[in-house]
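Trainee: Guided by the hints, dock chain B onto chain Z, whose structure is given.
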Amino acid sequence: EAAVTQSPRNKVAVTGGKVTLSCNQTNNHNNMYWYRQDTGHGLRLIHYSYGAGSTEKGDIPDGYKASRPSQENFSLILELATPSQTSVYFCASGEQQDTQYFGPGTRLLVL
Amino acid sequence: GEKVEQHESTLSVREGDSAVINCTYTDTASSYFPWYKQEAGKSLHFVIDIRSNVDRKQSQRLIVLLDKKAKRFSLHITATQPEDSAIYFCAASKNNNNNAPRFGAGTKLSVKP
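Line by line, the protein sequences are chains Z and B.
When the first sequence is numbered by my numbering, its final residue is 193 and no position is left out of the sequence of numbers.
When the second sequence is numbered by my numbering, its final residue is 141 and no position is left out of the sequence of numbers.
The shape of chain Z in the complex, shown without the other chains (with noise of 0.2 Å):
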């Protein structure tokens, strides 16, 4: 069974704080994404990355960078979290065009 996990589950931030999302899979995809999910706007994709090195910007890019430094992690970085950035966010894996994976989400809260 295809795996993703990601960590930390729950997270409270202070503003103007750093935070790091960290995601693992252990499918050997190439693809991995980040997404936010927030009632109202479903699942919006922040960063991806087609294989190790590379980075990808989504659709809401901005405050967020992305870290893919090999084929089975891939991080999200808040640099300077605001509380607009309260959200679940979740880590998927996958092949161009076919199933996502997603990991278990993580909840952010940024106070």
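Note that these hints are calculated values from the structure, not bench results.
Please read all numbers here as calculations on a predicted model, not as lab measurements.
It is possible that some hints are incorrect.
[As the list claims (entries may be wrong)] Which residues of chain B face chain Z? A few of them, derived with a C-beta cut under 10 Å, are:
(1) 59
(2) 66
(3) 68
(4) 74
(5) 82
(6) 85
(7) 94
(8) 113
(9) 117
(10) 119
(11) 121
(12) 127
(13) 130
(14) 131
(15) 133
(16) 134
[To be verified] Far from chain Z, some chain B residues (derived; all Cβ distances over 12 Å):
(17) 32
(18) 70
(19) 89
(20) 110
Note that the Cβ used here is the ideal one computed from N, Cα and C, for glycine as well.
Mentor: Here is chain B on its own, set in the frame of chain Z:
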């Protein structure tokens, strides 16, 4: 870029009835259309997909229809059961290198006994 609209934000049906969720997309180059289910408090998991070379696909009680002319696709759940209650997301992606799927806003389906 691609925009996916999911027309029903909520849907309520009686157990045993059919449920239909409709999505539209904007980019004619989109060719892969998956559906995902999110049960309360959980993550998303894949339920069914359709590719642009067909206009209908069925997997047990799930049917997906694709109308490329209208840029519309729909998920039909037949003989609904209470465990079908969840949020359903549609998505669309193009067959370009490194193109990421875009999702609709989700439809919360409630199946009442």
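Trainee: Answer holds if the nearest beta-carbon of chain Z is closer than 10 Å to that of residue 113(B); otherwise answer violated.
Mentor: With a closest approach of 17 Å, the residue 113(B) hint is violated.
Trainee: Given residue 121(B) as an interface hint, is its Cβ closer than 10 Å to any Cβ of chain Z?
Mentor: holds (6 Å)
Trainee: Can the hint on residue 85(B) be confirmed by a CB-to-CB distance to chain Z that is less than 10 Å?
Mentor: Violated, because the Cβ-Cβ distance from residue 85(B) to chain Z comes to roughly 14 Å (cut-off 10 Å).
Trainee: Quick one, is the residue 127(B) hint okay against chain Z at 10 Å, beta carbons?
Mentor: Hint holds; residue 127(B) Cβ to chain Z Cβ min 7 Å, cut 10 Å.
Trainee: With a cut-off of 10 Å, does the beta carbon of residue 117(B) approach a beta carbon of chain Z closely enough for the hint to hold?
Mentor: Interface hint status for residue 117(B): holds (6 Å vs cutoff 10 Å).
Trainee: Can we confirm that no CB of chain Z comes within 12 Å of the CB of residue 89(B)?
Mentor: holds (19 Å)
Trainee: With chain Z as the partner, please determine if residue 82(B) meets the hint condition of a C-beta pair closer than 10 Å.
Mentor: This hint is violated: residue 82(B) lies away from chain Z, its Cβ roughly 14 Å from the closest one there, beyond 10 Å.
Trainee: Would you say residue 110(B) is clear of chain Z, with no C-beta pair closer than or equal to 12 Å?
Mentor: Given a closest Cβ separation of 23 Å, the condition holds.
Trainee: Tell me if the interface restraint on residue 131(B) is satisfied: Cβ within less than 10 Å of some Cβ in chain Z.
Mentor: Holds: closest Cβ of chain Z sits about 4 Å from residue 131(B), inside 10 Å.
Trainee: Go through the hint on residue 119(B) and say holds or violated, using the shortest Cβ distance to chain Z against 10 Å.
Mentor: Status holds, d = 8 Å.
Trainee: Once the shortest beta carbon distance from residue 59(B) to chain Z is found, is it less than 10 Å?
Mentor: Holds, about 7 Å.
Trainee: Given residue 68(B) was flagged as interface, is its beta-carbon under 10 Å from a beta-carbon of chain Z?
Mentor: violated (13 Å)
Of the numbered hints listed earlier, those contradicted by the structure are 3, 5, 6, 7, 8, 17 and 18.
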